[in-house]
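Going down the list, the sequences are from chains A and B. First residue of the first sequence? That's 1 in my numbering, and the numbers climb one at a time after it. First residue of the second sequence? That's 1001 in my numbering, and the numbers climb one at a time after it.
Check the hints yourself; a few may be wrong.
[To be verified] Computed spacing ranges between beta-carbons, pair by pair: (1) Asn388(A) x Gln1112(B): 15 to 25 Å; (2) Asn388(A) x Lys1118(B): 21 to 31 Å; (3) Val1055(B) x Glu349(A): 43 to 53 Å.
Hint data in this document are derived by calculation from the structure and do not stem from the laboratory. Glycine included, C-beta positions come from ideal geometry on N, C-alpha and C.
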Amino acid sequence: MVVLKENNLLNSLTKMGVDLGAKDQAFELLSGLEFPTRRTEDWRYTSVKKILKKNYVQYNEAEHVVLSNEIVPSLDAYNIVLVNGVYSQELSDVNFPDEVVVDTFQNAMKLHSSLIHNTFNLIAKNKEEVFTALNTSYFLEGVFIHIPKKVKLEKRIHVIHVNTKNNVVSNLRLLIVADSFSEVGVIQSFASVNAIECLTNSVTEVFVKENAKVVLDKVQSEEPNNNLISTVQVNQKSNSTFKINTATVSGDFVRNGINIDVDGENCTSEMNGLYMQKGIQHVDNHTKVSHLKPNCTSFELYKGVLRDKSTGVFNGKVIVEVDAQKIEAYQQNKNIILSREATMNAKPELEIFADDVKCSHGTTTGQFDEEAIFYLQTRGISKESAKNLLIEAFADEVLDKVDSDELRIWVKEKLG
Amino acid sequence: MLQVKNLHASVGDKEILKGLNIEVNAGEIHAIMGPNGSGKSTLSAVLAGRDEYEVTAGEVVYLGKELLELNPEERSWEGIFLAFQYPVEIPGVSNINFLKTAINERRKYFKQDPIAAKDFLKMVKEKSALVELSDKLKNRSVNVGFSGGEKKRNEIFQMAMLEPKLSILDETDSGLDIDALKIVAHGVNTLKSKDNATIVITHYQRLLDYIIPDFVHVLYDGRIIKTGGKELALELEEKGYDWLIKEEA
Chain A
1 MVVLKENNLL
11 NSLTKMGVDL
21 GAKDQAFELL
31 SGLEFPTRRT
41 EDWRYTSVKK
51 ILKKNYVQYN
61 EAEHVVLSNE
71 IVPSLDAYNI
81 VLVNGVYSQE
91 LSDVNFPDEV
101 VVDTFQNAMK
111 LHSSLIHNTF
121 NLIAKNKEEV
131 FTALNTSYFL
141 EGVFIHIPKK
151 VKLEKRIHVI
161 HVNTKNNVVS
171 NLRLLIVADS
181 FSEVGVIQSF
191 ASVNAIECLT
201 NSVTEVFVKE
211 NAKVVLDKVQ
221 SEEPNNNLIS
231 TVQVNQKSNS
241 TFKINTATVS
251 GDFVRNGINI
261 DVDGENCTSE
271 MNGLYMQKGI
281 QHVDNHTKVS
291 HLKPNCTSFE
301 LYKGVLRDKS
311 TGVFNGKVIV
321 EVDAQKIEAY
331 QQNKNIILSR
341 EATMNAKPEL
351 EIFADDVKCS
361 HGTTTGQFDE
371 EAIFYLQTRG
381 ISKESAKNLL
391 IEAFADEVLD
401 KVDSDELRIW
411 VKEKLG
Chain B
1001 MLQVKNLHAS
1011 VGDKEILKGL
1021 NIEVNAGEIH
1031 AIMGPNGSGK
1041 STLSAVLAGR
1051 DEYEVTAGEV
1061 VYLGKELLEL
1071 NPEERSWEGI
1081 FLAFQYPVEI
1091 PGVSNINFLK
1101 TAINERRKYF
1111 KQDPIAAKDF
1121 LKMVKEKSAL
1131 VELSDKLKNR
1141 SVNVGFSGGE
1151 KKRNEIFQMA
1161 MLEPKLSILD
1171 ETDSGLDIDA
1181 LKIVAHGVNT
1191 LKSKDNATIV
1201 ITHYQRLLDY
1211 IIPDFVHVLY
1221 DGRIIKTGGK
1231 ELALELEEKG
1241 YDWLIKEEA
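All chains, please: the whole structure from these sequences, using the hints.
In structure tokens form, the structure reads like this:
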């Protein structure tokens, strides 16, 4: 508790903006929690010490910014833009078809207060996760996405978060409710323009109702010297499909947490991730899928290439509860290490309490396939090109999971 | 074209080639035969530039150049091709894409523009027909999910695409049934010209029924212990290697 009170991060924060009745309670929880240390199991390989020590600035007015394709992918999508954590009216789309709601909490409360109250903060793990409690206590504004029953939104929704000043701290909140038989694709981009030493703490809650389908693509391309903690909390009902793809292109400190509760039968859950790290970049992917009901399938594929002095963490937990029979859960994590000084910590964790399940997991961390490089060289492909061909092939397996061609191409080009 | 003089090569502390001499001229086919462990695969690996092998003595001159000074890709650009005994599977890299990259890197080396898409496709069509490689296999990841025979046909397809001056076929007949063997041999024979040369490394005489060598060399304990015409292969088939080894001793 001492830790909590005395860090600069907390001193930089002020409670303001919309309050949906959760802030006080979360703040109370927060004061009972401690920030993780290396002794905290889930944070063993990721130190937040540096992040807590810094001084930050909280913004409450959106700056003007020009978003080029260089900074965030220019997609054929509805854009919702937050600059330094503040909703930008100027850059955000406001008209949506079929009674779809994409708006700030503040605005959405006018017409949809009961829907928001019934979902907001319901599945956020404020009690267990300090950065979630922090987010719930201090989020300034949030974005609410509601896809009504049977609506299939063809155009994707692109939620863009961009920092334009140094030392910005922002607690971003996103709530996605996809009603039964609806379909939506949401892209969450995290970027920065000439901004360093920022901390973005993002919490996204996703409700995938019966027979609904939600695809969430996270693109992380902040400049070096920035810090990002991104937590996604998902609840799936029967016959639903949820897919999340996470591409970490840059940013020096990235922690991704994904928790999926599969709370219905015949669901499909898919998590894919790609991280290509250099310099001193640190990327930590913690995923957890909890199978609570029978007859569901989950797939997970995370791949990374680590260069220079970069460090990576993968922790994939699969829990199959006692009544969740006939579950199929597949998990794979593969890493290529290109430098002696790079490190990868990979840990799959299966906790299976049902007896009729099919689960597999595997993790590999290694260097290049020297045989393949030699083979390509003998065909007249230089060693450098051979390595690039192999990295591209390695990454393609994950990139192929991204449905949007324009997004896939953007990420691929960024990864170079 | 190729002069190998007193070649000594080791892996770790173990010397495998112990003073090997061979000369290959344009227009010739040489067969190198020998029992297991005699150094056949080491020879092909050293010629292609695999770096686990250390050359401790001797020299290799290829078209007037010190071959051992070149890295594997430079050797390829200069016209050397190795058909692997065990072709490597490369998931995610398409056969066609990789050949295009290979051809264009060589063209760059010779300061030529990249090959036009139309010309490349025409070439693919023509050369794949030579070894009866289907469209499906051409577009798949390199060697992934190929049968043993398909892998070897793919090697000859690559050879046809790269148009080498000196081809080294390392145990290309291993794991091939007779039909695949005929297809592979047909490919090699069709590509033969007065300007190129082939070294066929093999265990068995069988392949030499289809690819007729001008010279047959017997490799034993890191040296060539006998050289003869194509009839030597038949003699080896009949009598084995023991009589030669005894003669040598």
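- Could you say whether the range 43 to 53 Å given as a hint is met by the Cβ separation of valine 1055(B) and glutamate 349(A)? 50 Å, holds
- Message: Taking 15 to 25 Å as the stated bounds, is the beta-carbon spacing between asparagine 388(A) and glutamine 1112(B) within them?
- Response: 21 Å, holds
- Message: Assuming the hint says 21 to 31 Å, is it satisfied by the Cβ distance from asparagine 388(A) to lysine 1118(B) or not?
- Response: Check passed, 26 Å falls within 21 to 31 Å.
The structure agrees with every numbered hint stated previously.
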